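Colleague: The chain contents come next:
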Amino acid sequence: MADDDLETTELNGLHHALGAKMVPFAGYEMPVQYKLGVMKEHLHTRSAAGLFDVSHMGQVILRGEDVAAALETLVPVDVAGLAEGRQRYGFFTNRDGGIEDDLMIANRGDHLFVVVNAARKGPDMERMRAHLEPRGVTVELVEGRSLLALQGPEAEAVLAGLAPEVAEMAFMDVATVTLNGAECWVSRSGYTGEDGFEISVPDAAAEALAKALLEDERVEAIGLGARDSLRLEAGLCLYGHDIDDGMTPVEAGLTWAIQKVRRVEGDRAGGFPGEEVILGQMTGSAPRRRVGLKPEGRAPMREGTVLYDSEEGGVEIGRVTSGGFGPTVGGPVAMGYVPTAQTEPGTRLFGEVRCKRMPVEVVKLPFVPAGFKR
Amino acid sequence: MKFTEEHEWLDVEGDIVTVGITAHAAEQLGDVVFVELPEAGVEVSKDDEVVVIESVKAASDILAPIDGEIVEVNEAIVADPGKVNEDPEGDAWFFKIKAADPSQMDDYMDEAAYKDFIS
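From first to last, the protein sequence lines are chains A and B. Residue numbering for the first sequence follows the UniProt record's numbering, beginning at 1 and increasing consecutively. Residue numbering for the second sequence follows the UniProt record's numbering, beginning at 1 and increasing consecutively.
Think of the hints as simulated: they come from the structure by calculation, not from any bench. Since the model is a prediction, treat every value here as computed from it, not as a measurement. Where is the CB? At the ideal position from N, CA and C, for every residue including glycine. Among the clues, some could well be false.
To give an idea of the interface, some chain B residues facing chain A are shown, with a C-beta separation under 10 Å as derived from the structure [as the list claims (entries may be wrong)]:
| # | residue |
| --- | --- |
| 1 | 23 |
| 2 | 31 |
| 3 | 36 |
| 4 | 38 |
Okay, the calculated beta carbon distance ranges per label pair [claimed, not checked]:
| # | chain 1 | residue 1 | chain 2 | residue 2 | range |
| --- | --- | --- | --- | --- | --- |
| 5 | A | 171 | B | 119 | 47 to 57 Å |
| 6 | A | 241 | B | 86 | 24 to 34 Å |
| 7 | B | 80 | A | 47 | 15 to 25 Å |
| 8 | A | 344 | B | 101 | 47 to 57 Å |
| 9 | A | 17 | B | 61 | 33 to 43 Å |
| 10 | B | 80 | A | 86 | 18 to 28 Å |
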């Protein structure tokens, strides 16, 4: 069973019962794959629906009269303009413009509901408490709720079987929905590049809901292995790999998440940590950028692979931050950072794999088009 | 049939040894997506890394179990690495090696000993 020092989610027993291979991940014992295996789990999610346990992630409620304005001091995101019932992607930045974590922010009427990465829960809570509480905001780590993600083209049909109204939700809508008798906080979002939902469910009802979803023949339980290859093919950043406190949103290609109102000449321009660096890079340029990388051969180029601009000699120009085999692509895929001059799609670079330089092409992200329902 | 602690199976015919990985190893690796084989004709020493095998999860090596010359490689698994998961102890052999010193084979486990080893 679980290592003594690892936390477990409410679904731990179910994972074991389903024959999952469990691994330590961000302090939790989590399923990396089930009996289907990573490849089939990945392809199943792309063609039908996959159920993920993401209960290790942090669920946080922020309440206060000026909660949106307060949160805008920590994120370069338009929070004040986020309509009730809507959700938005964002990130905490530091004074150097680096990314401290990425998060989802939902406006649930009388509060903001925020989801942060498992490994960053501690620092994120500290950050929010230190900066938001003096502004009259209460910061509450939600206890007693699990988080499930149902992802894939059949996710809507499956979930609508339990609550027909979810079919009316658009991408990034949030709503309170009764599923299997439990009050759930549902958002139409996910992190696989597919249409789907994230469901915050009371712990006591989590296993029954998971089982009810898995009873549907279109749904398979999917582990973290496939979650990683799905998000990589979708060109989505993984914190601690593709983004961290040393990379700015501009370098990471995430400026789309900085709305006009927070940019130079916007009504609420700046006002977040690292604004000089980030807004400076947006009006000028960043020294390096995150790009998609398509190795020409069949060998995967994994995280840490050193990139060169020539087949022999030269100096390191960048590194792969995420890489592996893309089951939907049917070949190796990777992302990494390269100097801005070398970010044009079609640029040929070389990644050093087992002391050999292998050609790799800079390509547009994502590798697999998103299936979001707008 | 003999087995190594690195989960290779060795099928001996005269002084030619066919090398593959066991079903147990294939299952542990997960879906194999890439195989890099040596060139036929190269001389190798015991424990040389001769094959690179990558699954969706990670890269690993297959070591030469004995000294000898690689006499044939299975190009079919380069074209279709998934065969390694489908038929690891049959069609998905990796290479054949001509033993320089057949007595080196004596060091390896028989099937019963290997079953004990993985249990």
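Colleague: Of the numbered hints stated earlier in the document, which are not met by this structure?
Modeller: Hints 1, 4 and 10 not satisfied by this model.
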